Amino acid sequence: MPKNETVSPTRAALYIRVSTEEQAMRGYSLEAQREVLESHAKSHGMLIAGYYQDEAKSARKPCRVRPACMRLLSDVEAGKIDLILFIKLDRWFRNVADYYEVQKILDAHVVHWQTVLEDYETITSSSVRATAAYIRQAYGQNWDNVRCRRNLYQTLYIGHYESNGRVNENFCPPIVPRELFDAVQKLLSNNAKANPTGRVFLFTSLLICAECGHRLAGIRNGRYCYYRCRTYTERRTCPHKKQIREEDVEQWLFSFLGDQLEKQRLEWDIKEARRKQAAASVDRAAIRRKLTRLKELYVAEMIDLEEYRRDYELYTAQLAEHPTIPAEEERPNFEAVETILAKGFHSIYDSFAPEEKRTLWRSVIKEIHVDKERQITRIVFL
1 MPKNETVSPT RAALYIRVST EEQAMRGYSL EAQREVLESH AKSHGMLIAG YYQDEAKSAR
61 KPCRVRPACM RLLSDVEAGK IDLILFIKLD RWFRNVADYY EVQKILDAHV VHWQTVLEDY
121 ETITSSSVRA TAAYIRQAYG QNWDNVRCRR NLYQTLYIGH YESNGRVNEN FCPPIVPREL
181 FDAVQKLLSN NAKANPTGRV FLFTSLLICA ECGHRLAGIR NGRYCYYRCR TYTERRTCPH
241 KKQIREEDVE QWLFSFLGDQ LEKQRLEWDI KEARRKQAAA SVDRAAIRRK LTRLKELYVA
301 EMIDLEEYRR DYELYTAQLA EHPTIPAEEE RPNFEAVETI LAKGFHSIYD SFAPEEKRTL
361 WRSVIKEIHV DKERQITRIV FL
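Residue 314 in my numbering sits at position 314 of the sequence shown, with consecutive numbering throughout.
Rather than coming from a laboratory, the hints here were simulated on the basis of the structure.
Quantities reported herein were computed from a predicted structural model and do not represent experimental measurements.
Keep in mind that a hint or two might mislead.
As the list claims (entries may be wrong) - In the DSBU-like style, the derived pairs of lysine-lysine whose C-alpha atoms are separated by at most 30 Å in a straight line are: (1) K42 / K104; (2) K372 / K357; (3) K366 / K263; (4) K366 / K242; (5) K61 / K104.
To be verified - Here are the simulated distance ranges between beta carbons: (6) D304 / R275: 52 to 62 Å; (7) K366 / Y153: 10 to 20 Å; (8) L187 / R223: 28 to 38 Å; (9) L297 / I270: 34 to 44 Å; (10) A317 / E355: 56 to 66 Å; (11) K366 / S29: 51 to 61 Å.
In this text, a Cβ means the ideal position worked out from N, Cα and C, and glycines have one as well.
From just these sequences and the hints, can you work out the full model?
Dropping the structure here:
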């Protein structure tokens, strides 16, 4: 190297982030991070190119919602930075997908990063491999039951966004058919939660207090299982004092489920016939089109105000006389209930394990309402 040629110092960007008071109390305050980073940069002969501080920002949040991080990337793209310093990896990111997106930008502009209090960096190839392995291990997705269940509830799969009262039904293109999503939600709502005692209650989350609307809780007393209203046992705000035995619920279902099936099938057929009749009697969409056309005629001065008012009152009165027709509901699976009632099924049922019996009832019944006198007053089929 010629004697008159000098090496430019490394231009270091100091990235500082703190998300909560707890981290500040544990020594991760903005001031503490800044002091450590400044000391490291100066001791290694680096030129501090800028300070980038994200206060009250979680590293799980993508970079696009962290202002200082976005300003830092802008300076990277402008060629103002050679190296990014931060005290630990968790100051930089905890979102794996976002990390790789940001890393693409850094690689494109040959900008590296380095942790000051940990041995991770992207300067040498061996360190890059070690860092990548750590990233996958520490911040990779852990597909436990909780995460899987949370993802199954995620409405973004059907393009629907909802958060803090903000709703956008066309937020993004759907990747899951709405029919499939709705079917999954129905199955999830019908799943029983695991009992911490390991005991199997056949009607967990199916039995509903007819007095207060809350679910009955299962308890075991000796060799028998009972269900009771927790609103009464814990708060005494419900008149449902009596417990109902599990065997009594089973016996009632096998004795009266057929009657309930025929009753509800008849009620359903009548309701559906009335709905179709009401839908055929009036075309609300046609009336609305007439209102729109009426407005256009008035704006175009093809009719006067008196004519507009007269026809407007006529059409709005027609809409008022015919309220909105309710949407067609999903018909309960009456055929599945008929299978349970088939001749000889009771004897087969007796050979089932408790878990199989519970699965059976949950496959055809959504709710069983029980009043304070231990009487089953209503069955809701799936």
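Structure-based check of all given hints:
no. : hint                    : verdict
1   : K42 / K104              : holds (28 Å)
2   : K372 / K357             : holds (26 Å)
3   : K366 / K263             : holds (17 Å)
4   : K366 / K242             : holds (22 Å)
5   : K61 / K104              : holds (18 Å)
6   : D304 / R275: 52 to 62 Å : violated (40 Å)
7   : K366 / Y153: 10 to 20 Å : holds (18 Å)
8   : L187 / R223: 28 to 38 Å : holds (32 Å)
9   : L297 / I270: 34 to 44 Å : holds (43 Å)
10  : A317 / E355: 56 to 66 Å : holds (59 Å)
11  : K366 / S29: 51 to 61 Å  : holds (53 Å)
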